[in-house]
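Participant: Using the sequences and the hints, build the whole thing.
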Amino acid sequence: FEQMEMEYFIPPDDDSWPKYLEEWVARSWQWLVSIGLREEFMHRHVHASSKLAHYARACTDITFTFPFGTQELMGVAARGCYDLTQHAKFSGKSMEYLDPVSNAKYVPHVIEPSVGVDRLFPSVAPVKVAIFPLVNNKAEISDLARKIFSKLQMRYNVEFDTSGAIGRRYRRADEAGTPFCVTVDFDSIQDECVTVRERDSMKQHRMAINELYHYLAEQIEGYP
Numbered sequence: 022f023e024q025m026e027m028e029y030f031i032p033p034d035d036d037s038w039p040k041y042l043e044e045w046v047a048r049s050w051q052w053l054v055s056i057g058l059r060e061e062f063m064h065r066h067v068h069a070s071s072k073l074a075h076y077a078r079a080c081t082d083i084t085f086t087f088p089f090g091t092q093e094l095m096g097v098a099a100r101g102c103y104d105l106t107q108h109a110k111f112s113g114k115s116m117e118y119l120d121p122v123s124n125a126k127y128v129p130h131v132i133e134p135s136v137g138v139d140r141l142f143p144s145v146a147p148v149k150v151a152i153f154p155l156v157n158n159k160a161e162i163s164d165l166a167r168k169i170f171s172k173l174q175m176r177y178n179v180e181f182d183t184s185g186a187i188g189r190r191y192r193r194a195d196e197a198g199t200p201f202c203v204t205v206d207f208d209s210i211q212d213e214c215v216t217v218r219e220r221d222s223m224k225q226h227r228m229a230i231n232e233l234y235h236y237l238a239e240q241i242e243g244y245p
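If you want the working numbering, it's the position in the sequence shown, counting the first as 1, plus 21.
Keep in mind the hints are simulated off the structure, nothing from the lab. Think of the CB as a built atom: it goes at the ideal place given N, C-alpha and C, for glycine as much as any other residue. Any given hint could turn out to be false.
Said to hold, decoys possible - Okay, derived cross-link-like pairs now, DSSO-like style, lysine-lysine, Cα gap no bigger than 27 Å in a straight line:
| hint | residue 1 | residue 2 |
| --- | --- | --- |
| 1 | Lys114 | Lys126 |
| 2 | Lys126 | Lys110 |
| 3 | Lys224 | Lys172 |
| 4 | Lys40 | Lys72 |
| 5 | Lys110 | Lys72 |
| 6 | Lys172 | Lys159 |
| 7 | Lys40 | Lys126 |
| 8 | Lys168 | Lys224 |
Stated by the list, open to error - Label-pair distances were calculated between CB atoms; the ranges are:
| hint | residue 1 | residue 2 | range |
| --- | --- | --- | --- |
| 9 | Ser55 | His75 | 33 to 39 Å |
| 10 | Ala47 | Lys126 | 29 to 35 Å |
| 11 | Met175 | Pro33 | 48 to 54 Å |
| 12 | Ser37 | Gly57 | 30 to 36 Å |
| 13 | His68 | Ser123 | 28 to 34 Å |
| 14 | Glu219 | Gln24 | 18 to 24 Å |
| 15 | Lys114 | Met228 | 23 to 29 Å |
| 16 | Ser71 | Glu219 | 34 to 40 Å |
| 17 | Met223 | Ala125 | 50 to 56 Å |
Facilitator: Structural data, given as C-alpha cells:
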C-alpha cells in the first residue's frame, strides 16, 4: 500500500510526548470526521508496549470498520529521537536544535502521524473517478466514454484509461486510491447505462448515465 507521513518535532523531556501524542490523535480523528467518516465506525487501537518498535514510546491507530472488515486508517506514533539520531549517524551532520526560548540545545523527539493513501476518503482522494472504455477500437464506445469523462472533468480530477484488460485497469486505479471506476461497454451504446465499481467494497453497480453524475456527487461530496 501507499503511505504518507509527517514528522512533528517536540522537546525531548518525558513530560512532553504524551501531551503531543494525544493532541495529534485528536486532530487526526477530527480531520477524518471533517471529511465525512462516520464516528460510529471509527475506533482507537492503542498498541501494547510489547508490540512497539524498540525505539517507540507509544503508538495509537485510528481504525475504521469497512464492509469487508476493520482496518487501520491512520497511525500516530511517538518515535523518540531515533529518526534524527539515525540521520545524524549516516549523514555525519548534527541534528541538534537550539531552542530560542530556553536557549537549550537538543535533538528533538518526533511525533509521526501517518495515513494510507490507497484508502483515502473519496472527498480527499487525488483522483475521484477513472473512466474505462471496455475496448478502444470501437468509436461508439470511445466517444461515449469521452463524453462522460469531459462532463465529470468539469467537476473532478478524472482519469481516462484505455490500456490493458479491465482487471489491470482496476488494479492501477486501486493503487492510486481512486474510489470509483466507470466502465463503458457494448451495452452502454444501447441502454445508456454504465458499470460503476466501488474501490472499498469492490461492488459493481449498473446505472443509467444520467443517474451517474448525481450518484458520484452524493458519494464524493455528500450531496447531489
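Participant: It remains to establish, for every hint, whether it holds in the given structure.
Facilitator: Evaluation of the provided hints:
1. Restraint check for Lys114 and Lys126: satisfied, since their Cα atoms lie roughly 15 Å apart, inside the 27 Å limit.
2. Our distance criterion of 27 Å between C-alpha atoms is met by Lys126 and Lys110, whose separation comes to about 18 Å.
3. Distance restraint check for Lys224 and Lys172: the Cα-Cα separation of roughly 24 Å lies within the 27 Å cut-off, and the hinted pair is therefore satisfied.
4. The suggested pairing of Lys40 with Lys72 holds, with an alpha-carbon distance near 21 Å, which does not exceed 27 Å.
5. Straight-line distance between C-alpha atoms of Lys110 and Lys72 comes to about 26 Å, which keeps the hinted pair within the 27 Å bound.
6. Of the pairs offered as hints, the one joining Lys172 and Lys159 holds, with about 20 Å between alpha carbons and a cut-off of 27 Å not exceeded.
7. With a C-alpha separation of about 21 Å, the suggested pair Lys40 and Lys126 falls inside the 27 Å cut-off, and the hint holds.
8. Simply put, Lys168 and Lys224 have alpha-carbon atoms about 24 Å apart, close enough for the 27 Å limit, and the pair holds.
9. With their beta carbons about 35 Å apart, Ser55 and His75 fall inside the hinted range of 33 to 39 Å.
10. At roughly 31 Å, the beta carbons of Ala47 and Lys126 sit within the given window of 29 to 35 Å.
11. Hint check: Met175 to Pro33, Cβ distance near 51 Å, so the stated range 48 to 54 Å holds.
12. Separated by about 33 Å at the C-beta atoms, Ser37 and Gly57 satisfy the suggested range of 30 to 36 Å.
13. Checked against the hint of 28 to 34 Å, the pair His68 and Ser123 passes, with Cβ atoms roughly 31 Å apart.
14. Remark: the range hint 18 to 24 Å for Glu219 to Gln24 is upheld by a beta-carbon distance near 22 Å.
15. About 57 Å separates the C-beta atoms of Lys114 and Met228, a value inconsistent with the hinted range of 23 to 29 Å.
16. Distance hint check for Ser71 and Glu219: the Cβ-Cβ separation is about 38 Å, which falls inside the suggested range of 34 to 40 Å.
17. Here the CB-CB span from Met223 to Ala125 is close to 53 Å, well matched to the stated 50 to 56 Å.
Consistency with the previously given hints fails for number 15 only.
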